[in-house]
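Model the full structure from these sequences, guided by the hints.
Note that the protein sequences, when read in sequence, are chains U and G.
Going by UniProt numbering, the residue at position 150 of the first sequence is 150; the numbering climbs one at a time, nothing skipped.
Going by UniProt numbering, the residue at position 234 of the second sequence is 234; the numbering climbs one at a time, nothing skipped.
Worth flagging that the hints you see were computed from the coordinates, not collected in a lab.
In this text, all values refer to a predicted model and were calculated from it rather than measured experimentally.
Hints are supplied without guarantee of correctness; some may be wrong.
Far from chain G by the CB rule (all over 12 Å, computed), these chain U residues [as the list claims (entries may be wrong)]:
(1) A35
(2) E59
(3) L94
(4) S136
(5) S145
(6) D228
(7) R231
(8) A268
(9) A279
If we take Cβ atoms under 8 Å as the criterion, some of the chain G residues that face chain U in the derived model are [said to hold, decoys possible]:
(10) Y181
(11) Q186
(12) P198
(13) Y221
(14) D228
(15) G234
(16) W240
(17) R241
(18) R248
(19) S272
(20) S282
(21) A284
Idealized CB from N, CA, C, for every residue including glycine.
Protein chains: 2
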Amino acid sequence: MVATSANEQLKKVVIIGVGLIGGSFALALKKNSAAIHLVGLERSAASLERALVLGIIDEASTDIASALQGADLVVISAPVAQTEVILSAIYPHLEAHTIVTDTGSTKADVEVSARKALQDKIGQFVPAHPIAGRESNGPDAAIASLYQAKKLVITALPENAQSAIDLVATTWQRCGAVPHYLTPSQHDHVFAAVSHLPHLLAYALVDQITEQPQAELRFQYAASGFRDFTRIAGSSPEMWRDISLANRAALLDELTHYQAQLQRVANALKQSDGAELLAIFSNAQAARRRWIQAIESAEQPPKEGGD
Amino acid sequence: MVATSANEQLKKVVIIGVGLIGGSFALALKKNSAAIHLVGLERSAASLERALVLGIIDEASTDIASALQGADLVVISAPVAQTEVILSAIYPHLEAHTIVTDTGSTKADVEVSARKALQDKIGQFVPAHPIAGRESNGPDAAIASLYQAKKLVITALPENAQSAIDLVATTWQRCGAVPHYLTPSQHDHVFAAVSHLPHLLAYALVDQITEQPQAELRFQYAASGFRDFTRIAGSSPEMWRDISLANRAALLDELTHYQAQLQRVANALKQSDGAELLAIFSNAQAARRRWIQAIESAEQPPKEGGD
Numbered sequence: 001m002v003a004t005s006a007n008e009q010l011k012k013v014v015i016i017g018v019g020l021i022g023g024s025f026a027l028a029l030k031k032n033s034a035a036i037h038l039v040g041l042e043r044s045a046a047s048l049e050r051a052l053v054l055g056i057i058d059e060a061s062t063d064i065a066s067a068l069q070g071a072d073l074v075v076i077s078a079p080v081a082q083t084e085v086i087l088s089a090i091y092p093h094l095e096a097h098t099i100v101t102d103t104g105s106t107k108a109d110v111e112v113s114a115r116k117a118l119q120d121k122i123g124q125f126v127p128a129h130p131i132a133g134r135e136s137n138g139p140d141a142a143i144a145s146l147y148q149a150k151k152l153v154i155t156a157l158p159e160n161a162q163s164a165i166d167l168v169a170t171t172w173q174r175c176g177a178v179p180h181y182l183t184p185s186q187h188d189h190v191f192a193a194v195s196h197l198p199h200l201l202a203y204a205l206v207d208q209i210t211e212q213p214q215a216e217l218r219f220q221y222a223a224s225g226f227r228d229f230t231r232i233a234g235s236s237p238e239m240w241r242d243i244s245l246a247n248r249a250a251l252l253d254e255l256t257h258y259q260a261q262l263q264r265v266a267n268a269l270k271q272s273d274g275a276e277l278l279a280i281f282s283n284a285q286a287a288r289r290r291w292i293q294a295i296e297s298a299e300q301p302p303k304e305g306g307d
Numbered sequence: 001m002v003a004t005s006a007n008e009q010l011k012k013v014v015i016i017g018v019g020l021i022g023g024s025f026a027l028a029l030k031k032n033s034a035a036i037h038l039v040g041l042e043r044s045a046a047s048l049e050r051a052l053v054l055g056i057i058d059e060a061s062t063d064i065a066s067a068l069q070g071a072d073l074v075v076i077s078a079p080v081a082q083t084e085v086i087l088s089a090i091y092p093h094l095e096a097h098t099i100v101t102d103t104g105s106t107k108a109d110v111e112v113s114a115r116k117a118l119q120d121k122i123g124q125f126v127p128a129h130p131i132a133g134r135e136s137n138g139p140d141a142a143i144a145s146l147y148q149a150k151k152l153v154i155t156a157l158p159e160n161a162q163s164a165i166d167l168v169a170t171t172w173q174r175c176g177a178v179p180h181y182l183t184p185s186q187h188d189h190v191f192a193a194v195s196h197l198p199h200l201l202a203y204a205l206v207d208q209i210t211e212q213p214q215a216e217l218r219f220q221y222a223a224s225g226f227r228d229f230t231r232i233a234g235s236s237p238e239m240w241r242d243i244s245l246a247n248r249a250a251l252l253d254e255l256t257h258y259q260a261q262l263q264r265v266a267n268a269l270k271q272s273d274g275a276e277l278l279a280i281f282s283n284a285q286a287a288r289r290r291w292i293q294a295i296e297s298a299e300q301p302p303k304e305g306g307d
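See the structure below:
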């Protein structure tokens, strides 16, 4: 399935940000293609040194000009909010044959940032989002198997050449990932609905309980249902603040729908409308069952860790 | 810790409803006190026969008058909505020394039902709620270990003699449970906050996704965060309709607070107020971490299964 032709020219890859996401990409690529020269670029000298020691990268660099010289592919795996600054720094050194991609959890805002920063070179940037993660972070958390059978969502731009899209897709396939294609808006609404909104709801519930009278009593009786429902409220607050702001428009759409949905539930409760409650609960239970069965029949269990 | 005096008189126990909850209680009690005669009473002849075959009960009965003759303790483990009908049927046959308790997930409504049905005999009824469950139901799901180290919440009435409360507490201790004491209102608000409201929120989210455009696309990208968040939306819709209606007042209180909390999150998003989002997320993450640590240090992991 892997189109080798697109990868034959892949000799030098630059990874900006060698933490969990970039480090795991490097380890997986190295395992599959030992000949590729991997250059790591980082703000944190400690992370860079650690990535070198762990064998994640072949070369540590703090100079963007020399790192980009002769690079075939640049993968940005830094926080989404830094994308524009990084792309602006890349712009003057970007050679005509180099393709740039990212790993950001939101895509409409990344496109806006990329257009500002790359201007006439925007066609060289192929936005992407690998759907994988772990509870831990940093180079030490990186593992070669992180992307095995996981989805890579590419939100290609109209300016992208097919060969540029294919280069990103096949490189990630070498890391074990399965390429999927969405528009930026589809991507952002889909993930707002099934990931970002649930995070907001879980954080909001736990925060609410801490502010109520007898909070300790409430926590004392919380059991496994609560534990699973709120697991995602254990995620990094800084990361989820950034994702929430980056995906603000789509997330507000989903949240507004959800507020209307909760009002429907509240009305049913107020009117003791058991039939309406049963309709909502039954539909949800059936849909969730179908979803679980679809996952199981695809033999791709949902990944562990954050998303 | 078990006061044996209170249990010396325990010779005959009647269990009304021999499914998961009542059956597990019977198995645990039998294991600890083989001499007690256990009588099962059920609407379903098949469940009753099955409970007898499985050795859960010593005697199957469909006649409430003879079942109650000489009974020391009656445990009602039928759906909460049936409590009043069952107590009304018990009333004319209730001997002066017999204590009655229940296992309902809500307590204020049970008290109202009990007062209507038992009138002058209300002091003989000690409301209780064992905090344990499994995904499966019926006599075949019953296990002797279900209540091991689990909480039993007793919401005693002012009319209850201390000896009656102690009888219920010590009998459940024999089954492995740890007695806790709350008022009915405390109980209902606590469980509305940490169990009933999360169920409503999870059902509401899954139901919402099914009604949106591109529902299939959304489910396709749902991962482990979504799976855990919505696990409780896999619970019985009928049971949760009944619990929602039975605990309607407390649940509406919690839901109203939560709607205000979500509006606070929506406003922060609208204003791109990262500091406010970070405050909510950080407080929630820290509170959840403390909760997990408290559970772990108590060496009582949250139970598996429904609650």
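Given hint W240/G near chain U, where the shortest CB pair must fall under 8 Å:
Because about 5 Å separates W240/G from the closest Cβ in chain U, which is inside the 8 Å limit, the hint holds.
Regarding the assertion that A35/U does not contact chain G, is the least Cβ-Cβ distance greater than 12 Å?
holds, 33 Å
Can A284/G be said to touch chain U, with a Cβ gap under 8 Å?
holds, 4 Å
Next item in the hint list is Q186/G. Is there a CB on chain U closer than 8 Å to its CB?
holds, 7 Å
Against chain G, does L94/U keep a CB gap of more than 12 Å to every residue?
holds, 30 Å
Evaluation of the interface hint that places R241/G against chain U, nearest CB under 8 Å:
holds, 5 Å
Going by Cβ atoms only, is R248/G closer than 8 Å to chain U?
holds, 6 Å
Quick one, is the S272/G hint okay against chain U at 8 Å, beta carbons?
This hint holds: S272/G lies near chain U, its Cβ roughly 6 Å from the closest one there, short of 8 Å.
Non-interface claim for D228/U versus chain G (Cβ beyond 12 Å):
With a cut-off of 12 Å, D228/U comes too close to chain G, as the shortest Cβ separation is near 4 Å.
Chain U contact restraint for S282/G - C-beta distance below 8 Å:
At 4 Å from the nearest chain U Cβ, S282/G passes the 8 Å test, so the hint holds.
Given D228/G as an interface hint, is the shortest Cβ-Cβ distance to chain U below 8 Å?
holds, 4 Å
Minimum Cβ distance from A268/U to chain G greater than 12 Å, as the annotation requires
violated, 8 Å
Against the hints set out earlier in the document, violations occur for numbers 6, 7, 8, 9 and 10.
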